[in-house]
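Asker: Respectively, the protein sequence lines represent chains Z and P. As numbered in this note's numbering, the first sequence has no gaps in its residue numbers, which increase by one up to the final residue, 450. As numbered in this note's numbering, the second sequence has no gaps in its residue numbers, which increase by one up to the final residue, 450.
Incorrect hints may appear among the rest.
To be verified - Covered stretches of chain Z, going by a simulated chain P footprint (3 or more residues, C-beta under 8 Å):
(1) 37 to 50
(2) 189 to 196
(3) 242 to 253
(4) 335 to 347
(5) 367 to 374
In case anyone wonders, no lab produced these hints; they're calculated from the structure. None of the values given here were measured: they were computed from a predicted structure. Beta carbons are placed, not taken as given, at the ideal position from N, Cα and C, and that holds for glycine.
One letter stands for each residue in the lines below.
Protein chains: 2
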Amino acid sequence: MTVPRDIADALRDAIEAKDDARLDALLDPLPPSEALRLMLNLGPEVREEAFRVMTSDLVAELVEEAPSELAADFIGAMDVERAAEVLDELASYVQADVIGEMNTAAADAVLAKMDAENAADVRRLAEYDEETAGGLMSAETFSFPEAATVRTVIQRMADDEDRFDRYRAQNPYVLDDAGRLVGVVSLRALLSSRRATPLAEVMIPPISVSAQETLDGLEDLFDEHRCLALPVCDADGRLAGVVTRAAVTEALAERAESESLRRQGVIGDELRSMPLRIRSGRRLAWLSINIVLNIIAASVIAAYEATIAAVIAIAVFLPMVSDMSGCSGNQAVGVTMRELSLGLVRPVDAFRVWLKEISVGLVNGLALGLLIGLVAWIWKGNPWLGLVIGTAMAINTMIAVSIGGVVPLLLKRLGQDPAAASGPLLTTITDMAGFFLVLSLATLMMPLLA
Amino acid sequence: MTVPRDIADALRDAIEAKDDARLDALLDPLPPSEALRLMLNLGPEVREEAFRVMTSDLVAELVEEAPSELAADFIGAMDVERAAEVLDELASYVQADVIGEMNTAAADAVLAKMDAENAADVRRLAEYDEETAGGLMSAETFSFPEAATVRTVIQRMADDEDRFDRYRAQNPYVLDDAGRLVGVVSLRALLSSRRATPLAEVMIPPISVSAQETLDGLEDLFDEHRCLALPVCDADGRLAGVVTRAAVTEALAERAESESLRRQGVIGDELRSMPLRIRSGRRLAWLSINIVLNIIAASVIAAYEATIAAVIAIAVFLPMVSDMSGCSGNQAVGVTMRELSLGLVRPVDAFRVWLKEISVGLVNGLALGLLIGLVAWIWKGNPWLGLVIGTAMAINTMIAVSIGGVVPLLLKRLGQDPAAASGPLLTTITDMAGFFLVLSLATLMMPLLA
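Just chain Z, same shape as in the assembly:
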């Protein structure tokens, strides 16, 4: 194993010497993600120089490996000829993803320099929503006219090894004169029929999806059918492209990843290679909402200053009750989000979810309340202080898991994004409830506490 720092230095040397063969020799044996990581660590200027020096083949590999927003940055920093050359090496759906992330002017400039057929495919694909069959499909299809024979198909497979690789998941599709999908030929039929047989004789009716089919719909379809790819048709029944099982699985994983980021307050799939303005701005937008919610929650404390002044120890426990309730609630949010993504719950199941959560809340609330109550009692030697803090903790845990379990379902029913909104809503309500419980109980029992 070479130490990474050495590879980085060797890369810099090769870039400075404009030695594309050496760059290729250094990067090609690495896993693509590792090659990409090294390029990112070079910093923008050296990286741009590297992209000028490397073979367009190798650049295309790195662009394909990068998340599309990063790929768009890479392409955007190249001159348009180079950008077009690199993009031409990629599959149409990757092209469309990258072009989709660029601003319109830059995208048009690059498209104008690309192979005309590729550019037309990209423009067509870019019209579809990213999370539909149209947005996920490849424009390259393994298709034949009805009059073609088994021999035609076999010859095409034999002649065009490189393209055939891209078609691996596809069966031959049969189109009528208007380009409408009329049949699909199984591999078995191909293998067991005579070469002169017209495809029309061996094809079977196709299962196809509309270009507007959603990601969830595609997931269900691939669950139902064992096939590796499904043909995508436009409104007129014409074959528009092919969506593979792999593309759907990957899109589902990306959606889940981006949801998990939103739950942590990272909106818009940030990467550290993005400009500071974007990274800081997006995070701040989410934080600003949170700070306003925090101020609202803290106003509950402000209303009880007299109670705190009388029993200063309470100030020690306020952040603890609020933080622990937040933790309990977030656990419930996590489980609901998982069950939502597995399709195991729906908004109509809110009551059932609540019943499950409240039982957990009761057990864990009592446990946590007992623990924190004992700590308060022992620390200040006042059992009533322990009772106030412990009771507030127990009740607030039950509130937190109820809200955490149910709020994502309600947000979903309201058409809101449960991933981004559940957390802030949860913490605001549990903070307010926690502060109120501790402080109002303490006010009630003031004679015993002070």
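Please arrange chain P on chain Z, whose structure you already have, making use of the hints.
Answerer: Quick look at chain P alone, frame taken from chain Z:
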């Protein structure tokens, strides 16, 4: 569209009438996840009865759709004959997953009733770690002896349509007499060679993986090669199974999902159908660690009771500073976890990550500090209070993003789980730092505040 409640009632009726045809008619047209959701909502007793009534085919579909811990519950609740019958319908890697989740005694009882060949496959697969090629592979392989001809392969494809579906992603593998993998036949070779050609003449050297290959290694391999499946060999070079691209993508998605749950304090992939004891116990284990950390953090406040007693308003801002810093830090954790999973950063990049984070922390810290400082100033009419709170907020935001960005990398280097441990570590340190900053600054400037 039928209203879900009606389907649920119809299901109950069909189960009570032990009408398997009606159950089949109700569930079969639904997406598998929806059928599973309905079964979960029936409650354990009715569901167990349903599994006795349904065709084993339909039960197998539901078991396949369920996450493996849930599938194991389903199977565990059936009598062993039924369980064996259902499992026999599934692919070997699903069998192994489900059996792997059951306790040893129950698993052995079911395996004893299963088809002997299936049971042997399962025992073999269950020996491998779940996140290795061995744990992800299917035992069913599309393999032939060297002496076989192209005709043999084509006939096997034509004869055995059902099994062939399972082999869709595989090329024919060629084995020597000892079962060692010696070659692979491309579809193109199959199509363009004469039927009498021995496979030994058309095969090419295989790319294979060891059964111990890790999930990350498999991801890299499938990134590099366009193939849909890779043969898996044991230490002696014998073909042990086949791992598909789809199985790897799915395992990666599951790993990411389970990581995202751990980040929210849900250890062990909880589902609400699990018993209360498990759900509550696992969550409580994580909460207990957190409450201890919280007590440690709160001890900082306890040390400054005199300061709070003098300026009660500070008690209002303590939870706010701690909560907002937690939010900022969690954003940084989220981005680092994403970049780790994309392979864009490694522990050696900690310093570079910190540089990126501290710039965001500076901008966002100033913005948040200014905002909260103004609120404090206006509320109490004391600019110095605003200065104390705002400064503490700004500095603590920088601390939080630094820790949030870097801690997952350090945990990774130490071989710890960054997903589960980053959050608690982060909030403890930022809470302590936040409380300390607010309270020590306030103590310093006491004459101006009180």
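Asker: Is the listed coverage of the region 37 to 50 of chain Z by chain P valid when you require three or more residues with a beta carbon under 8 Å from a beta carbon of that chain?
Answerer: holds (count 3)
Asker: Are there three or more residues in the region 367 to 374 of chain Z whose C-beta lies closer than 8 Å to some C-beta of chain P?
Answerer: holds (count 4)
Asker: Please check whether the region 242 to 253 of chain Z has three or more residues whose CB lies within less than 8 Å of a CB on chain P.
Answerer: This one holds; 6 residues, not fewer than the three required, reach chain P with a Cβ under 8 Å.
Asker: Do three or more residues from the region 189 to 196 of chain Z put their C-beta atoms closer than 8 Å to C-beta atoms of chain P?
Answerer: holds (count 3)
Asker: Confirm or reject the coverage of the region 335 to 347 of chain Z by chain P under the rule of 3 or more residues with a beta carbon closer than 8 Å to the chain's beta carbons.
Answerer: holds (count 9)
Checked against the numbered hints above, the structure violates none of them.
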